[in-house]
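Peer 1: Sequence:
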Amino acid sequence: MQPDIIAIQETHLNLSNKLKIPNYTAYRTDRTTHRGGGTALLPPHGRVLTQELDRLFNQSSKAIVVDDYNAKHPAWSVGRYNINGSIIHNHIANNNLVLLYPLEPTHFPYHHPSSSTLDFGILKNISSGDATSINDLSSDHNPVSFEININVSLASAAKNVNITNWTVFYESIYNRIPGKPKMSTIAEVDDCIRQFTCNITTAINLATKSRVISGPFRQLPSFIVDKIKLKNRFRKYYQQTFYPLYKSKAYKLQKEIHEDIVNFDNNRWRETIEGISSEDNSLYEMNRKLSKKIIPTPPILDSDGMKYTPLGKANAFRFSLENSFQVNPEPYCNNHIKKVNRSISNYFQKLQIISQLDLVTPQEVIFLIKKLNPRKDTGPYGVSNNALRMLTLNAVTHLTKIFNKCLSLQHFPDSWKLAHVLMFPKPNQNHKLPGSYRPISLLSNIGKLYEKILLKRLNDHCFSNNIIPN
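The opening residue of the sequence shown carries number 1 in UniProt numbering; numbering runs sequentially from there.
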């Protein structure tokens, strides 16, 4: 079972406690002065107020509210009844809401041999779902699983790794490179670049296999797993019979399980520390993993409200960047503008065009490729620096011809100007505002090679003609 949302109550966490679950983002609100508080929480204060329920359900056309309501009613808790149960039951009936509760009880008090259903869900504009009381963990409340179809496809958690067979890639790219490409015009050059990029990505796809990472993220030893199963069995027996011996056995096993897990984690951490060495990259890798902070993107406030979906957030960032890159507002200094335009016009009239730049050689391309950082992102076309480092000699020669033809035609292809833009949060700012993020552009790695080639020739020309003063 891989839930999309996990709602946890009464965690007893404070600011110094970290809550990390792989592939999940934790939303929490800790109080610094006293116990209590929470996120997405309606704290109890006696009777349930229908106005508070209305405020929760009126925030969206569809809503799901799950909670330990401390409310009992025969509609969901057999033979049980209290005032809050009647209030919630009447509110559900009068507002066309849907009650979603498990068939088995969810609450088993420690000091009283009774059971009831206090944990359930209320749905708005959602037809139905399933709820199951799960006999796991050690709280007096059973975890409850809700399976609800909201007609939304949610991305599954990433539990796979891509492995590329570079020998297969090398053979594939060798057979895909044409011998004598036709590149007489800019249009033909652009077509060759498109085909060359397509050949590389096709070779990568043919040589790459995705391996699914099965099993839990932390694999406990079998003896601990067996104890957990036995503890859950005794706990289930107690919930069915309320026989005190089952309760004491489950409690004893829970203490043993906690000690075993602590010892297992400590031993595994000690082995990891002992395996770190300053002679390889293991020390750097461990420091990077421990110091790296993953900051999730919260809902973004746009002009027409909060945006929660990736598309809504992307559009909010797009509008923010578009508003930032606008012509400066008036007043203008017309004299200054005329002076700048005149200077630029005079410069281009006196500009001496270099008849021929130095040609690019395959050795130069190979030298630049070897200096590429293999950890850099791929950019918009999926051609990684690792793939460029594994190019065959005929592919490097073909790429060299493309670079030389771009130089002779004085052309910088539009495809190398296309970028993926990532938004990174600025420190100490409100991350719900789109203006609190800075853009980072990821360009084509092949285009970056061409930029390095151009830069070298520009620097050589400026140095030989003493254009840039010391």
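Treat each hint with caution, since some may be false.
Stated by the list, open to error - Calculated pairs, BS3-like style, for lysine-lysine (alpha carbon to alpha carbon, straight line, at most 25 Å):
| no. | residue 1 | residue 2 |
| --- | --- | --- |
| 1 | K376 | K62 |
| 2 | K227 | K209 |
| 3 | K255 | K227 |
| 4 | K249 | K227 |
| 5 | K338 | K371 |
| 6 | K313 | K292 |
The hints are simulated quantities; they were obtained by calculation from the structure and are not laboratory data.
Peer 1: Against this structure, judge whether each hint is valid.
Peer 2: Evaluated hints:
Of the supplied pair hints, the one linking K376 and K62 is violated, its CA atoms being roughly 42 Å apart against a limit of 25 Å. A hinted pair counts as satisfied when its Cα atoms are at most 25 Å apart, and K227 with K209 does not qualify at roughly 37 Å. Our distance criterion of 25 Å between C-alpha atoms is met by K255 and K227, whose separation comes to about 11 Å. Annotation: proposed proximity of K249 to K227 holds, straight-line Cα distance about 11 Å (limit 25 Å).
Our distance criterion of 25 Å between C-alpha atoms is broken by K338 and K371, whose separation comes to about 45 Å. Restraint check for K313 and K292: satisfied, since their Cα atoms lie roughly 24 Å apart, inside the 25 Å limit.
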